[in-house]
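All chains, please: the whole structure from these sequences, using the hints.
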Amino acid sequence: MNKYLYVFRNEILLNLTYKGNIISSFIVQIIQMITTVFVWRALYSGENDIGNYNISEMTTYLILTSLLSVIFSPNSAFRLSTLISSGKLSILLIRPYSYFFESFSVFLGQKVVQICVVFIMIICFFLLGLFQFSFPNIVSILLVLTNFILLFIFLSVMGELSFWLIEMWPLRPIYNGLLSLFGGVMFPLDLLPESILNIIQFTPFSLFGYVNTKAIMGELSADAMFNFLIASMLWIIFFQIIYIILWKKGLKKYEGVGI
Amino acid sequence: MISFKNVSFSYKSFKKQVGIRGTLKDLFKREHVYHTALENITFEAEKGEILALVGPNGAGKTTLIKLLVGLIEPSTGNIDVFGFNPYKKSNKYLSQIGLVMGQKSQLTWELPAIDTLHLIKAIYRIDSKDFTERLNYFLNLLNLKDKVAVPVRKLSLGERMKFELIASVIHYPKLLILDEPTIGLDIESQRAIHKFLLHLNQTEKTTILITSHYMRDIEALAKRIMILINGQIKYDGDIKQLVNTFNKGNTIIVKTKSELPDEILGYKIKRGSEENSWEILLQAGESYYELLSYLTNNFQIEGFHMKETPFEDIIFNIFTETKESSS
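First to last, the sequence lines map onto chains A and B. Just so you know, the working numbering puts 176 at position 176 of the first sequence, and the rest follows in order with no gaps. Just so you know, the working numbering puts 69 at position 69 of the second sequence, and the rest follows in order with no gaps.
Keep in mind the hints are simulated off the structure, nothing from the lab. The beta carbon of each residue, even a glycine, is placed where N, CA and C say it ideally should be. Please note that a few of the clues may not be correct.
[Stated by the list, open to error] Partial list, derived from the structure: chain A residues whose beta carbon lies under 10 Å from chain B:
no. : residue
1   : PRO96
2   : ASN137
3   : ILE138
4   : ILE141
5   : LEU165
6   : GLU167
7   : LYS248
[Stated by the list, open to error] Listed below are the simulated DSBU-like cross-link pairs for lysine-lysine, each with C-alpha atoms no more than 30 Å apart in a straight line:
no. : chain 1 : residue 1 : chain 2 : residue 2
8   : B       : LYS47     : A       : LYS88
9   : B       : LYS15     : A       : LYS248
10  : B       : LYS29     : B       : LYS5
11  : B       : LYS12     : A       : LYS252
12  : B       : LYS174    : B       : LYS234
13  : B       : LYS104    : A       : LYS249
Below, the structure written as structure tokens:
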């Protein structure tokens, strides 16, 4: 079996031993989701539509972004920090493989379990009649996949900051805050005035939350999808370049510390 | 095979100022300090050699290991290991070395060791049949047969270290580097590890470089010792020769039925720890035949035995002497 496949496999095994972690992250998300849904239901009292959304579309949107934000959580950004403080990075660096692909395999291993849970939950919600959507087409699946790769590279760059920062934890609430706001977890971004929406919707956070949700709901026009796909790819190239630069500088810094 | 030529390594760090005012100052301007961790290191090692690297904490042992595995680049000088420059970290080079760190584990804590071993098999592309045979052989040798499916976190320290060893040698490394592999282990595990390493060295001609603060490790394994103090090599050579050069002398302990005078034939006599036992210090290499015959002829001797200076004491003396001479 390929070495990266093994890394992937072991990561799945590892994640399955942390059952409690997975369950608790979903419970937290579901509680938040229920709160948001109830707030919105209250806002709808007496109104048929808010923006372009009727109440059941809004519910579908909110449930989907919430579930997606479990997958698009910043957890993977903190792996490098642990590896550096424990010195285990040295062990990985002297193995004959690429750290970048190794960490991608770890990332996939972590995500695969979460994606399965999200998938099961979407089906459950669908069967409960809480969901209304037409099934996504190939382009929207491609868009979600590109955004998923962008997530990995974005979090890797964020993780590289641990070469310079001793405490990484403040980044977690910052990320979650930005995802709630720019990612449209609290409200769909197209409720915003168009001038603001035009800027915000192309940020990585919007691609992670809002755009992915809309793509899965099949509510994006072909043009919009194409634009988002281009934006996502440009971000990937941008962050990949930053990643390579920071990796070189970071390793130089790491060398000064104990093995 | 391994060659270091005039290798030095220095690094930059910051001076931390004391107190609130100092800390605030540090926010804006920090003072750089340059440390020299290794200075002008030159040595060579041959295939199949077991080389012990000894030195007080902070002497530069770990830095030397980091240079050897390519984690850091020498500030000046050249390193060549089997024709590779380690710092380039080519996969071809990395697959020929193995590293065991007593204080850092390469096994995944929550999973059984066998999962990490399978991962290592994939990384180093070890043939399946070969892997199974070799693994079984090692498991038998280290008595780990029934521990292979136990999560690493539930293993004892000794068992874990043995698995670390297997994980570092399963891919037939030509060079095995061990950084304090026996730290915190009981005597039984220590000896099992000694036996394993000697066996590996003999059957596969693995070159071994070991650092340890336990002199037992060094004595059991290495013929050659390198003493590193303040980033410089203070001694590099045969262990026996080191003992002969630096051993200030051995002590004869004599038990008698009567008192001994303070001095016999120019030897100072010290009272021993037990009643009517006496300690006489001999210079290294000095013949004690004359002294013994004098004692047996003139006093009632119950017994005597020779107490050699422990290896640890010799090393300790070298450490302290160099410290005193440099300060």
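So, going through the hints one by one against the coordinates:
no., hint, result
1, PRO96, "4 Å, holds"
2, ASN137, "37 Å, violated"
3, ILE138, "33 Å, violated"
4, ILE141, "30 Å, violated"
5, LEU165, "15 Å, violated"
6, GLU167, "16 Å, violated"
7, LYS248, "12 Å, violated"
8, LYS47(B) to LYS88(A), "29 Å, holds"
9, LYS15(B) to LYS248(A), "25 Å, holds"
10, LYS29(B) to LYS5(B), "37 Å, violated"
11, LYS12(B) to LYS252(A), "11 Å, holds"
12, LYS174(B) to LYS234(B), "27 Å, holds"
13, LYS104(B) to LYS249(A), "24 Å, holds"
Hint violations for this structure: numbers 2, 3, 4, 5, 6, 7 and 10, all remaining hints satisfied.
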